[in-house]
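Q: Use the sequences and the hints to build the structure in full.
Chains F and L are the protein sequences, given in the same order. FYI, in my numbering the residues of the first sequence are 1 to 276. FYI, in my numbering the residues of the second sequence are 1 to 404.
One or more hints might be untrue.
Derived SDA-like pairs: lysine to any residue, alpha-carbon spacing no greater than 20 Å straight-line [unchecked claim]:
| id | chain 1 | residue 1 | chain 2 | residue 2 |
| --- | --- | --- | --- | --- |
| 1 | L | K16 | F | E165 |
| 2 | F | K140 | L | K2 |
| 3 | L | K92 | L | K191 |
| 4 | L | K2 | F | R143 |
| 5 | L | K2 | F | A145 |
| 6 | L | K2 | F | D134 |
| 7 | L | K92 | L | I235 |
| 8 | L | K364 | L | I342 |
| 9 | L | K2 | F | G137 |
| 10 | L | K16 | F | H42 |
| 11 | F | K140 | L | T4 |
| 12 | L | K2 | F | N141 |
| 13 | L | K2 | F | D102 |
| 14 | L | K391 | F | N141 |
| 15 | L | K391 | L | F376 |
| 16 | L | K2 | F | T121 |
| 17 | F | K107 | L | D324 |
| 18 | F | K140 | L | T3 |
| 19 | L | K16 | F | S122 |
| 20 | L | K2 | F | L124 |
| 21 | L | K2 | F | S142 |
| 22 | L | K2 | F | Q144 |
| 23 | L | K2 | F | E165 |
Because the hints were derived from the structure by calculation, they are not lab data.
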Amino acid sequence: MSTTIAASPSRTESPATGARAPLIIQTSALSKIYESGVNRVHALRGVDLAVQEGEMIAVMGASGSGKSTLMNILGCLDVPTTGSFRLDGEPVEGLDVNALADLRNRKLGFVFQGFNLLARTSALDNVELPLLYDRSGRWKNSRQAAEAALRRVGLGDRMHHLPNELSGGQQQRVAIARAIVTRPRLLLADEPTGNLDSRTSVEIMALFQELNDEGITILLVTHEHDIADYARRILEVRDGRIIRDQPVADRHLAVDDLAALNAEAAAEAPELTVSA
Amino acid sequence: MKTTTLVRVASESIRKNTMRTLLTMLGIVIGVGAVIIMVAIGQGATSRIEEQVNALGTNMIVVTPGAAQRGGVSGGAQSFNRLTLDDAEKLKRESTLLSAVSPVIFTMSQIIGGSGNWRARVWGVSLDFQQIRDWPMETGEFFADADVRAMRKVAILGKTVADNLFAGTDPVGQQVQIRNVPFTVVGVLSKKGQTSTGNDQDDIVLVPYTTAQTRLAGFSFIGQILAATSSPDDIVAAQSEMKAIMRESHRLGDADDDFTIKNQNELAEAASGTAEVMSYLLAAIASVSLVVGGIGIMNIMLVSVTERTREIGIRMAIGARGSDVLTQFLVESVVISMAGGIVGVLVGTLGAFIVGQVTGWTTKTSPEAVAVAVLFSGAVGVFFGFYPARKAAALRPIQALRYE
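A: Below, the structure is given as C-alpha cells:
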C-alpha cells in the first residue's frame, strides 16, 4: 500500500479539471419538502449541482442544514419533491423503489460513519454482499472480486476476520472495500472518519485520495475542516441551499501528513526509551 | 439472488442465533411429532378394527330389524323388531346362495352351576351359527340338529363363562341353571377375545333357538339373522336374493324395507369409519400444536426483523430490493419450520413406536402422513413467516439505516 501512496503526490493536478470529463451528478432546482402534520419542512430549496467524473468533494454544513437530505437523494435512498437529478447521465426522478435499488447497486458505493458492517459476518462475506444483489450478471466470480477489493484496501490478510475482531480503521477499510467492489461511478461517504481517531482518520483519507487518483468520483460529508481540506472542492450547505462552492486552495495530501505523524512518533520514541 | 445463496444467507443468520432458533424449531418439532403419533395411533386402531371385524367370520351377512335409513317417518312400535323365525326358515329354505342361516335370540340371564353363578348373554341359535362365525370348539361338541328340533335343554359355554363357573374342571356333561331351567353343558367354545369396542365375545352361552324361544325368552321375535355364503363372490348376489325373500316374507308390497342387510365389508366400513373419524379428530387436535409452533415462528421472526432493522437498511443501501429482503426472511422461516418438520418426523416415528411398545396398541406410521406433516410444516413457515418478511421488505432504507 505504501508504494502507491508514495506515487500519488506527483498527481496533484485534478483529472476533473479536464473540460470534457462526463458529469456524474447533475441536479437542477432540487427541492425536498417533508410534511409532518401541519408543518412543512423545506429540507432542500433548489439545489443546482454538477459533479464531474474524478472529482473529490467535501460537503460541509451544520446539522439540520439539509446536507443529509442532499446525500440521501444523491445516494438514491430518497427522491426529491421537485427538481431533476441525473446520475451518470441517467434520470433518477420517477424511478420506482426496485429501479432505485438496482441503480444503487450498479452505480453507487456507500461508506458510513458507523461502518455498518453485518455483525458476525466475515470481512469477505461483507464485501461480497453487494455482488450477490447484482441483477445485471456482471460478476462471474463474486468471491474473487471481493478478495481483490479487500486486498486493494490493504486487508488481504484479514479476509476471514469478523468485524469485532478488527480495529475501527480496519472495519472502515472493509466498508470501503464493500463500497468499491462493484466499481461504482460514485462513492458516497457520510462522515467516514467521525468514529475514528485522528491518525486513523488520516490513513482513511489517504485511501480515499488514492482511490480518487485512480479515477473514482468521491463525495464525502464532514464536519471537520482539516478532513474537508483533503478534498479538491468544498460545498457548504445551509438552510437547504448551497451557499459556498469552491475548489480547495491548499489541498492537503494525507500521505504527507502521515509521514509527518510518523516523524513525530519517531522523535518521541527516544524520549520514551529514556524515561523507561 | 441465487437460490443457493439465499439458503446460505438464511442458514447463516439461523446459525448466528442457535439457541433461539432451536427453541423456535422445538414448537414445530412437537407439533409435527404430535400429528405423526396421533395419526399413527388412529390408523393403527382403524386397521385393528378391520382385522377384528374380519375375524368375526367369513362371508357373513347380518339381517337386523329396522330400516337402514334414519329420519323420515318413524315406524312405530309394530315395526320394531320385525324379524321372525319364519323369516329365518324361509331364508334357509328358499335361498340358493346361502350355505348357512341362523336366527339369534338375545337374552341375558343369571347362570347358576358348578362353583357359583355368573351373569352372561344367552343366545338362541341354530347349528349353522358355528359355521357362520367360524368358531371352533375347545372341548365337547356343538349341539346337533336333533337337539334343535327336540328343543333339548343343552348349552354351549363361552370360554369366560366356563372359566368362571367351572374353574379347573371340564364343564362338559355338567348341569347349569338358566332362569331356573336345568341345561346340560355339551361343549365349550374356544377363546375369541375382545371386540374392538371392548366386548368380551367369550362371555356368552349358546342354546338351541327353539329351546330359547320356549323355555327362556317366551316370545317369537328375534334380534338378528346371521347368514353366510360358501364363497365371498356370492355375497352381493346373496344380499339381493335375501332382500327379495325378506320383502316377500314381510308382505311389504310398495312399503320401504323394515330390515337391514349388511355384509362383512359394510360392517367393517362402519366400524373403521368410526375409527377414522377418531383419527381425524386426533390429528386435528395435534395440528393445534403445529399452529402454536407456527405462531412461535412468527413471533421470533418479528423480533428478528426489529433487531435486524439496521442490517436490512445496509442490504437495501447496497442494492437489495424489497423482494430480496422478503425472500431472505421467508426462506429463513421456511428453513426453520422445515428443519423442525424433519426432526418432528423422526421424533414422531420414534414416539409412535414407543407408544406402541408401552401400551400394546397397534400404531401405523404411514408415508403419506409423514409427507403431509413435512409439507404442512413448510406451509406453516411460509404462512407465519410472510407477515414479518413483508414488514421487513416494506422498510424504507433511510429509516432502517438510522434505526438504533
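Q: List in ascending order the numbers of the hints, as given earlier, that are violated by the structure.
A: Those not satisfied are hints 3, 10, 14, 15, 23.
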